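For reference, the chains in residue letters:
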Amino acid sequence: MQASEDELRRLMIGGLDGSAVDHAALLRLLAPLLRAFCRRRCGDDEVEDLVQETLIAVHTRRSTYDRDRPFTAWLFSIARYKTIDHFRRNRRYHPMEGLEEILVAEGFEDASIARMDVEDLLEILPPKQARMIRATRIDGMTMAEAADADGISESDVKISVHRGLKTLMAKIQGGRR
Amino acid sequence: MNTDDLINSLSADVPPVRRGAVGRRIAFGLAAGALVSAGWVVLRFGVRPDLGAAMLGFPFWMKWAYTLSLSLAALFMTAQLARPDSQRLRGLWLIAIPALLLAGVGATELIRTPQTEWLAMWLGHSWKQCPWRVLGLAMPIFVGLLWSFRRLAPTRLRAAGAAAGLAAGAFAATVYCLHCPEVSAIFVLTWYTLGILLATSLGALIGPRVLRW
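In order, the protein sequence lines correspond to chains A and B. Under numbering that gives the first Met the number 0, the residues of the first sequence are numbered 0 to 176, in order. Under numbering that gives the first Met the number 0, the residues of the second sequence are numbered 0 to 212, in order.
Excised from the complex, chain A in its bound form:
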């Protein structure tokens, strides 16, 4: 289970207020997140080095986090900077064949933020609608499979998904205004 933006942000602010417990909990949650981030960008033997450099940067530069802004955007900005810096220092010429993987990995950050967002969004829905959307739109089940799994009729699944998506659309468009 991946920690949510809200959870990470709460721990970060706790740490800024002087709570060593919150700060330690934050760094522990960040380690796997950063490991996944780094693994897509550099060789296996370098991952742990890069994770540690980034954790140190998060710690020593923590005063630059603005409590009113998203935490993950701040975190990944530091992680991206540290990754680029790491490349510059350790191998000035990055081999062309690795380039593709790095470019592909660019989507990772968006994907992890998106995953957090989706989880947050689904929480506002009634449990049945959220479950049906997760089954049919994220886990890739068909309407019939989802109906079987939940022991309800197929049209009930369709209606739940439809109503749920409608609520989400209204929420997102409302939020953008």
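Note that these hints are calculated values from the structure, not bench results. Treat the hints with care, since some could be wrong.
Coverage of chain A stretches by chain B, computed from C-beta distances (three or more under 8 Å per stretch; other residues unrestricted) [as the list claims (entries may be wrong)]:
1) 8-19
2) 25-36
3) 45-55
4) 75-81
Interface residues of chain A toward chain B, partial, derived using beta-carbon atoms under 10 Å [said to hold, decoys possible]:
5) HIS22
6) ALA72
7) ASP84
8) ARG87
Nothing here was measured: the structure is a model prediction, and the numbers come from that model. Just so it is clear, CB atoms sit at the ideal spot from N, CA and C, and this is done for glycine as well.
Knowing the structure of chain A, use the given hints to seat chain B on it.
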């Protein structure tokens, strides 16, 4: 070192951070540098003898309004660029306002002055020294800001260097007003601004090198 041990040792030292810590740190670096610059002005150039009287007149406050407002706009940029997530800069246009206002004053000045005196007014008595002195006085302030940046996290190093250079140049010009007896708006608009731009360019040039972390 294994990552868990690292996390434990990092978590042993968690001093509280107050809101506005970034702004305070930048202000502190700027003030420390400015003190050195002010000392330099007092000892090397000398405070203008008529400072008390000049502070009652319009030109002195016009110069201070220009350089101080430019400093504030530059510091606002610097504070944003000191954070890692600074992709979108807010208020970049603020920098243009002091220059436009001063240009307005300069235009009025030109209209009121006969054309034969324009050149003398534009060059003043110190046009050759002015930009270089502003650039020189910007150095201690720039160094002060570099100190501030040691605990900050810029990710756009060239832009951050330029913003710090602009702030240092504009504040150096503020300090230089203690000495400089020039009164014309077009003098300030040209030669002060030239010195400030030199400091900005220098900041942009060396930013990627000196701001790395």
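Checked hints:
Coverage of the stretch 8-19 of chain A by chain B holds [criterion: at least 3 residues with CB-CB distance below 8 Å; count 6]. Here's how the stretch 25-36 of chain A fares: 3 of its residues keep a CB closer than 8 Å to some CB of chain B, so the rule of at least three is met and the hint holds. Three residues within the 8 Å Cβ limit are the bar, and the stretch 45-55 of chain A against chain B gives 5, so the coverage statement holds. Coverage of a stretch by a chain is defined here by at least three residues with a beta carbon nearer than 8 Å to that chain's beta carbons; for the stretch 75-81 of chain A and chain B the count is 4, and the condition holds.
Interface restraint check: A/HIS22 against chain B, minimum CB-CB distance 5 Å, threshold 10 Å, status holds. At a threshold of 10 Å, the smallest CB-CB gap from A/ALA72 to chain B is about 5 Å, leaving the interface hint in force. For A/ASP84, the suggested interface contact is upheld, since its CB lies about 7 Å from the closest CB of chain B, less than 10 Å. Taken as an interface hint, A/ARG87 checks out: its beta carbon lies about 9 Å from the nearest beta carbon of chain B, inside 10 Å.
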